Amino acid sequence: SSIHCIRGTDLFGYIGIEAVLDQMRCKTMKAGFEFNIMVVGQSGLGKSTLVNTLFKSKVSRKSCAPDYEEKISKTVKLHSVSHLIEEKGVKMKLTVIDTPGFGDQINNDNCWEPIVKYVNEQYEKYLREELHINRKRRIPDTRVHCCIYFIPATGHRLRPIDVEFMKRLGKIVSIVPVIAKADTLTIEERQEFKERIRQDLAANGIHVYPQREYDEDPEERILNNRIRENIPFAVVGTDKEHQVNGNKVLGRKTKWGIIEVENVAHCEFANLRDLLIRSHLQDLKDVTHNIHYETYRVRRLNESNLNFSELGLSAVPLENGTADKCESDSHL
Amino acid sequence: MTSNIRYKSRIPVKTEDSTEEKQYVGFATLPNQVHRKSVKKGFDFTLMVAGESGMGKSTLVNSLFLTDLYKDRKLLNAEERINQTVEIIKHTVDIEEKGVKLKLTIVDTPGFGDAVNNNQCWKPITDYIDQQFEQYFRDESGLNRKNIQDNRVHCCLYFIPPFGHGLRPVDVEFMKALHEKVNIIPLIAKADCLTPNEIKKLKDRIREEIDKFGIKVYQFPECDSDEDEEFKQLDKELKECTPFAVIGSNTVVEARGQRVRGRLYPWGIVEVENQSHCDFVKLRNMLIRSHMHDLKDVTCDVHYENYRAQCIQEMTSKLAQDNRMESPIPILPLSTPDVDTEKLIKMKDEELKRMQEMLTKMQQQMHDKDQ
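So the sequence lines, in the order shown, correspond to chains A and B.
First residue of the first sequence? That's 1 in the UniProt record's numbering, and the numbers climb one at a time after it.
First residue of the second sequence? That's 1 in the UniProt record's numbering, and the numbers climb one at a time after it.
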């Protein structure tokens, strides 16, 4: 077969190909979107409140479990809660994965392991579904698209547990670090703290979202550079409203003033929300699918090939009737 | 309205009523985010045209995409065509309109149905389609999936001559050979030699025969129940109009004071884009403006998945027979089995045991026979 390449630059009339975008939009709107967000950090850092504030509804596990008890669990357990939320006709299945017990014990060695296991299990689930003979049209996506890591506002540097966690998880999932309960830092203290954190991240080779190496073009690089210069975002969360200058605002009321959560002069909550939801939500999913998941898949395929040839498997008995142990019965 | 000083939102937040704004989270921008990425990436579409020579395939393609793909084509004479086999020729055009890029591939099938003996003349075509599926399957199962090229055929326009009384044997056999591999859209070619009544009779006849022979042509998806009446009416008209009777033209003529694509006859001017003259506009709207995405989806979700499932089954049954064959596709050994997969393994285990028993029995029988 021969191939000719022609540039169709002068067209006499209108074909109407951008209608394909509308067709796509229709389909995706009908199908809805999925988004899975994980929150990690010690007890009391405001994880549930922040997630509720981000999505302006009670989506965290705390708000949903009727018998929720505020006590520190002995081991790190992961809980996920899903909600169907809708805005302007756009339907989203939001899953919030909570990690109570992380960093709360006296000895926190390896407390990240259940989390690493969970993240990898979701990749494995997706991979198996993808390899199935009769696979679903839309493979249900439970992979973690974003992991918000809560750093307590000490004002000093990253703690060893922060470094250990982000080092390991940063390789398999997109981490967005935030400074929690940032209303104890003045603006200068905040800037210095952020600078030191960025230094610590660089010194330990930790790549948080948006990762430099995944910028697709110069335009994106410029945009993402601006974000990278400002992370981690210093956030304050609340679900309470107060009157400020005749308007109702989300805020925390203290004797010395009201901290307005959505006011960028007060804290960076709005920046975080814009990043996570209004501009980079789809990108978070794409990075998870195209990069993190593919990395996992390649690793698994290489592993399985190794096992396959190593064991020298045969699926049928040899002529004298003895059968080799069949390990390759995984024709899912 | 929140104003962002340090960091600008990619998507401008519209100024709205302040109470609405309070409740606005912002994930309603998701379709826009997806939109942006798609525009950057662009789309691709592969269209196959099949039918005998002289049915107006090239002209129609040129009319559809407003290009001139076949400018320097040399037409073979009858003698040269005697020994010609069916070829597959690909033309690729990059079209950009309003910032949206489309990489269009036209797969042409010259020689189809032209010989004296046309037995199995569709085989090169089915082979080509299968090859594209196979290539995609290998790519999709491979390790580096970053830039997979999708060359699968998304749609096949099949040109039925207007002179007959319905489908001919070659039409039936061709469509049956392909209907489970590609979306077939049958067209009545060169419809300007038929009167409106003749067209209606021919369409009815062809629809009847398609049903009778069990040919599965591309079905337009059902309308949503919440679409407005006008849309539903248009959709109904579209469905009742198939197979489309089309006319194409490479020339521009002057008709009713305008310059239009058309064919100039002594008895009048045929306008390609005049809906009372032919169904060209319906075809173009359906193919490009409303159903291109669905054509691709059906190719991916139905035709390709069928091919893939078949392929895997053939491979696994071969593996059971030939213990030396390496699996070219990933088959994972289980390291963390869950309940469902355990059940599956048990089932497969038992199946294999039965197969093994059968095989040993057969071997024994053969051995006895030889004695």
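The reader is advised that the hints may include incorrect statements.
[Unchecked claim] Partial pick of chain B residues on the chain A-facing surface, computed with a CB cut under 7 angstroms:
(1) 26
(2) 100
(3) 258
(4) 288
Hints are computed from structural coordinates only; laboratory data are not their basis.
The structure presented is a predicted model; accordingly, all values stated were derived computationally and were not measured.
Yeah, the Cβ is synthetic: ideal placement off N, Cα and C, and Gly gets one too.
Report task. Go through the numbered hints given earlier and state which of them the structure violates, listing their numbers in rising order. Result -> Hint check: 3 fails alone, others pass.
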